Each structure stands twice: as C-alpha cells, then as structure tokens.
Amino acid sequence: MVIGKVLGNRYHIVELLGEGGMALVYKAECSLLRRPVAVKILRSQYANDSEFVERFRREAQAAASLSHPNVVNIYDVGNEDGIDYIVMEYVAGENLKELIRREAPFSVRRALTIAAQICEALQHAHQHNIIHRDIKPHNILITPEGRVKVTDFGIARAVSASGMTQTGMVFGSVQYFSPEQAEGGIVGTQSDLYSLGCVLYEMLTGKVPFTGESPIAIALKHIQEEPVPVERLRLGIPPAVSRIVEKALAKPLSERYSTAYAMLREIHAALGSEMLIMEGETEDLPTQAIAAVTPEKPSRKQPWFKWLAYALSVIAIMALTGFGLKLAIKPRAAVEVPNLRGMTLDEATRVAGEHQLKVEVARRVFHSEIAEGRVVAQEPEANRKIRIGREIKLTLSRGYEMVIVPDLIGKSQLEAELALESSRLRLGDIYMEPNNEIPKNYVARQKPEAGTSIQKDARIDLYLSLGPNVDTVKVPNFIGRQLAEVQAELAGLGLVFNKATPEVSAFPEGQILDQQPAPGTDVPLGTAMSFVVSAGQFGGASPGSPSAASAEMRQGRIHVRIDSGPALQHVKIVVADSQGHRTVYRGKHQPGERVDVPVQVTGPAKAYVYLDNVLKGEEVIP
Numbered sequence: 180m181v182i183g184k185v186l187g188n189r190y191h192i193v194e195l196l197g198e199g200g201m202a203l204v205y206k207a208e209c210s211l212l213r214r215p216v217a218v219k220i221l222r223s224q225y226a227n228d229s230e231f232v233e234r235f236r237r238e239a240q241a242a243a244s245l246s247h248p249n250v251v252n253i254y255d256v257g258n259e260d261g262i263d264y265i266v267m268e269y270v271a272g273e274n275l276k277e278l279i280r281r282e283a284p285f286s287v288r289r290a291l292t293i294a295a296q297i298c299e300a301l302q303h304a305h306q307h308n309i310i311h312r313d314i315k316p317h318n319i320l321i322t323p324e325g326r327v328k329v330t331d332f333g334i335a336r337a338v339s340a341s342g343m344t345q346t347g348m349v350f351g352s353v354q355y356f357s358p359e360q361a362e363g364g365i366v367g368t369q370s371d372l373y374s375l376g377c378v379l380y381e382m383l384t385g386k387v388p389f390t391g392e393s394p395i396a397i398a399l400k401h402i403q404e405e406p407v408p409v410e411r412l413r414l415g416i417p418p419a420v421s422r423i424v425e426k427a428l429a430k431p432l433s434e435r436y437s438t439a440y441a442m443l444r445e446i447h448a449a450l451g452s453e454m455l456i457m458e459g460e461t462e463d464l465p466t467q468a469i470a471a472v473t474p475e476k477p478s479r480k481q482p483w484f485k486w487l488a489y490a491l492s493v494i495a496i497m498a499l500t501g502f503g504l505k506l507a508i509k510p511r512a513a514v515e516v517p518n519l520r521g522m523t524l525d526e527a528t529r530v531a532g533e534h535q536l537k538v539e540v541a542r543r544v545f546h547s548e549i550a551e552g553r554v555v556a557q558e559p560e561a562n563r564k565i566r567i568g569r570e571i572k573l574t575l576s577r578g579y580e581m582v583i584v585p586d587l588i589g590k591s592q593l594e595a596e597l598a599l600e601s602s603r604l605r606l607g608d609i610y611m612e613p614n615n616e617i618p619k620n621y622v623a624r625q626k627p628e629a630g631t632s633i634q635k636d637a638r639i640d641l642y643l644s645l646g647p648n649v650d651t652v653k654v655p656n657f658i659g660r661q662l663a664e665v666q667a668e669l670a671g672l673g674l675v676f677n678k679a680t681p682e683v684s685a686f687p688e689g690q691i692l693d694q695q696p697a698p699g700t701d702v703p704l705g706t707a708m709s710f711v712v713s714a715g716q717f718g719g720a721s722p723g724s725p726s727a728a729s730a731e732m733r734q735g736r737i738h739v740r741i742d743s744g745p746a747l748q749h750v751k752i753v754v755a756d757s758q759g760h761r762t763v764y765r766g767k768h769q770p771g772e773r774v775d776v777p778v779q780v781t782g783p784a785k786a787y788v789y790l791d792n793v794l795k796g797e798e799v800i801p
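Each residue of the sequence shown is one higher than the one before, counting from 180 in the numbering used here.
Calculated directly from the structure, the hints in this document are not laboratory data. None of the values given here were measured: they were computed from a predicted structure. Any given hint could be a false lead.
Unchecked claim - Only pairs whose alpha carbons sit at most 25 Å apart, straight line, appear in this in silico SDA-like list of lysine to any residue:
(1) K635 with L794
(2) K795 with K564
(3) K430 with E405
(4) K785 with Q661
(5) K635 with K564
(6) K572 with L593
(7) K564 with V584
(8) K564 with V530
Said to hold, decoys possible - Derived CB-CB ranges, DEER-like:
(9) T322 with P655: 41 to 51 Å
(10) G589 with V181: 33 to 43 Å
(11) L606 with K653: 22 to 32 Å
(12) R222 with Q769: 18 to 28 Å
We put the beta carbon where it would ideally sit given N, CA and C, even for glycine.
Please build the complete structure, drawing on both the sequences and the hints.
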C-alpha cells in the first residue's frame, strides 16, 4: 500500500490522482517545503528493468533543467524500497483531453490561446535540446485559471530507447503521430509541432485528424493522406487559422514550421487579427442591441408589360445622365497594405498615410523580442488589398515584462530555485564562497540583489556559503588557451579537471571557448573544472573534403546590438551554412553595446543570435 507511505523522508503520499500505462500518479505533501506535489511511481514492469530505470532517471534529470511557466517542473527523482519515483509540480485542474471531450469544439480564440502556451513550452524545451515526442491532450494540463502546463518531457524518449518496445515499433499516441514517428524515423523538434497541429485541429473541430480501424491504419494515414481541412468541418474558421493548422500538419519537414517560435508568431498574429471578429468569433464581444430584421413580403406577380415599361424607363434615365452607368459601377480604389511591423507608432502612422490609410492602436502586449512602442502585429496583414481610407489595427509592444527579484539570502539552492520560478526568473551561475554567518550550501549572496526590477526570465546568480575558514583559490581565465596545456597546470593551482565538451566553431581545434567556474571566481581547493572546447570549423572533417568544397567560401559580417536586458549577458552567435552549424562568437556584453563579427561562410547561410542561451533572432548572411 503506497498511500500513507513517506518517500525520501519528506514526500507523504496522500491520494491516487490517476493511472497510466507506465506509472501511477499520487498527490503528496512535501514536509520540508510544506506544499503539495505530484509523485509519479513507475509500474513494476518498468521498475524491474535496471537499464530503463537508469535511462529514465537521466531523462528526468535533463527535463528537470526546464523552468518555464508552461512546463510541469520536475523537483526530484529517487528510489526507496524498490519504488522508483519522480516528484513533480502539483497542478490543480484537468487535462486537455477531458476538456475537449466535454466542451469541444472550442472557440477559435480559446484554441489559439491554449496552442500559443504549448508553443511557449516547446520553444523553451527545444532551446534546451529536449524533444517531447508525445505531445497529446492527455499530457497537457489546464489550471482553473486557464494556464497550460505541459508534462512528461523526456518520458517518451526513455521508453522508446529502452528496448521495451519491439523492433519496428514506435512509442507514442498514434492519433497525434508525426509522419516520421509513424515510419519509425528520426524524431526532431518539428515532430512536436506536427503533434501540436493535431491537438489544435481537435480543439477547433472536436475530432482528431485521422481515425481508423487499427493503430497501423491510423499511422498510414499520417504518412499518406491529408486531413479534412478544418474549414470544411466547421464554418467560420478564419483563413489565417486554417493556414496555421495546415502548415503544422504538413508532411514534408521543409513545408512544416521550422521552430516553435515561428508557429507562435503566426498564432499571435491570428489572435490579434480582427478576422476573429469579422468571421464569427463573437464570444468576447460585449452584449449589444441590434434592430430586428423583417423579411420583405413577396409581391404579387406583375404583368409582363409593366416590367417592360419599367426597364425602358431605367434605360432612358441612364441615357439622359450620359455616363451615369459607368459611374454607378466604378469600384472604389484599393491599395496594398504596407508592412508596419517593427516600426514606431509615428513611423507606422506616416507610412500608412502615404498609402492613404489610417492606423489605430488596438492593444499593447509584453514582447521579449520587439522594443517598447514598436508594432508587434497588424490587421489587415501586409500585402493585402483594401479600400483607401480604411484603418490598420496595430498591436504595440509594451517591451519586456519586468519583475522584482526576490530575497534568496539564507535559502537552500532548491528553495531559491523555487522562489525564482515563482517570480518568473531563472537560475544563473552558482558560485561557492566562504561565509562566517550563513550555513554551508545556503545562499550567502545573490546578483542582482533582492528588490531589483529586472526583465522576466532573466538569470540570477547565486553565491552559496562554504561556511567559515575554507581555503580557496581564484580561478584563472583559461578561455582562448589550449586545453592540453591548461590540464597540465590545474593540479598546481589546486584545481582538478572534470570534463571537456567539444563544440564545432571557427576557433582552432582544442581552444577553450568557455569554462565553469567562471574566471575570477573564488572556489574551494579541489574544485573540478569543466570546459567547452573547439572541435574546429568542420568538426574534425577536413576542409578539403567534398562537403567542405561543395560551395565557394565568402566573407560575411554579423551585426548584433544588445538593446535591453540584464546588466551582463552571455552572447553566442551560431552560423549555419553548407558546412553545418558552428559557434563563431562567445562573449559577455551590457545593454547598449554592439557586436560586430566577421565570418567565412559557404552556400546559403544564416546567423542565430543567443542571449543567455535563449534564441533572440536570426538573419540571412548575404
């Protein structure tokens, strides 16, 4: 009997919440932090497989690195008395499948709002190189406040890779399979987006894209057939929303959304569109009085000669007015809508005026990519033809959402992480330093300090106490040096080597690109050092190989401006061209600084800019 048992000396099992094929989920009380948690306990057929349990723990630990408002957080993984368990955030509410069964089809706005939050979760996970592999309504929880929480990251990978599935079999839910999943092929980030397309389809129509007599029959349809368009199953679906579903469910990867962020942008554009109102989305409109419509009474049939006389009279009048007919049928002039995104309100007003159009600010939203006061979205969209004199409704950015840094002094690392999560902030670097007042392993100092107003999702560095009288050493700056010579020096400095992670880059092979702990940090003697080391521009491949010579090399330049954000941000620039992906720049910069990086590229090339390991933009390198 599990109920009543205490796991890990802190998780008191209270009640059963649900059952799945792989695990039982219980509600528990954490005695240390005095809060409810969810505990997932593996079924015996999984718990008895040591290889699977080990893989499952690794995947759960990887998923525990995720910290996002739309992700169910993993707090702990453990084993006690033969019970393997995972401790997760407890989410009050119900899963999306239950909601669909009871209330689908959803309003377009509601469906898009839920899909947008799932996109946010997937974008965060994909940035951390974690693919869900089993996106379905059952794994999406909805709180009473309407917040989406995606759960079970990493579980599908652990099961499918464990050998517990038969050869040629795939793991997941067949109604939400991507074509590549159904074929047993390589599963990437775009597979999650296809599954999200299936979920959005179901929310809008109340039906899954494909049904069949067997799982194999459904899987074949994902590979070979196109689903019935959502606009045929439900009248009034705006074209922009139909296009989102169609693109998410595209079978070729080249036609599908490349990233969750790309899909999220189009969802936000649709949510801000007046088409949701123009084409039937009325649930959010205020109550209003309208005039009753009285149908015209059919007139008695008139003799044919009276109709003839009437027609001749009309012709005579038109003849007397000269070109009256021409004027009567002449259409009103139309103009192409300009692209106003990214402009200030003044710029947008001026450009719209040049096209004989007006602008109106419809709403203002927080935005992590577009500066305050600039246009995030517009309706009608750019390049559409509309009548002269019409208004373009604008959505303006309110800039990056600001939050207050909580006081973390005296808290354990776990408590600090939870406090940061609640404040919509992220954990930054962790350092150790002596402190005579704060107990060992508790927060002695933090950067930025408590009470500071800072951008949402910014990183907070923690300084944990080593306790009093600890011998320390200041970490030198090894960045830019060769790993081999640094390894030979570590013992003499009172440090030890931990690991070196290779990374394709434009820097010489073996050169250190990054280090942990950071340069200048005071650490206790015997601290282990970890490094990111260049694997060379071609990742070990010879520049003279056929792949390297497939396109002519050319010079390019990347310009980056740090507009806003924390006082000091990690900047990483990754280039993708015919040679693959490689890091061409790493550094720390303050808001207002510019980064100018020369690069050599071959073939079609793009640059991806990361700030604090979050993708902030991309550009084509000419």
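Quick rundown of the hints versus the structure:
no.: 1; hint: K635 with L794; result: 15 Å, holds
no.: 2; hint: K795 with K564; result: 32 Å, violated
no.: 3; hint: K430 with E405; result: 9 Å, holds
no.: 4; hint: K785 with Q661; result: 29 Å, violated
no.: 5; hint: K635 with K564; result: 39 Å, violated
no.: 6; hint: K572 with L593; result: 46 Å, violated
no.: 7; hint: K564 with V584; result: 48 Å, violated
no.: 8; hint: K564 with V530; result: 16 Å, holds
no.: 9; hint: T322 with P655: 41 to 51 Å; result: 48 Å, holds
no.: 10; hint: G589 with V181: 33 to 43 Å; result: 35 Å, holds
no.: 11; hint: L606 with K653: 22 to 32 Å; result: 23 Å, holds
no.: 12; hint: R222 with Q769: 18 to 28 Å; result: 52 Å, violated
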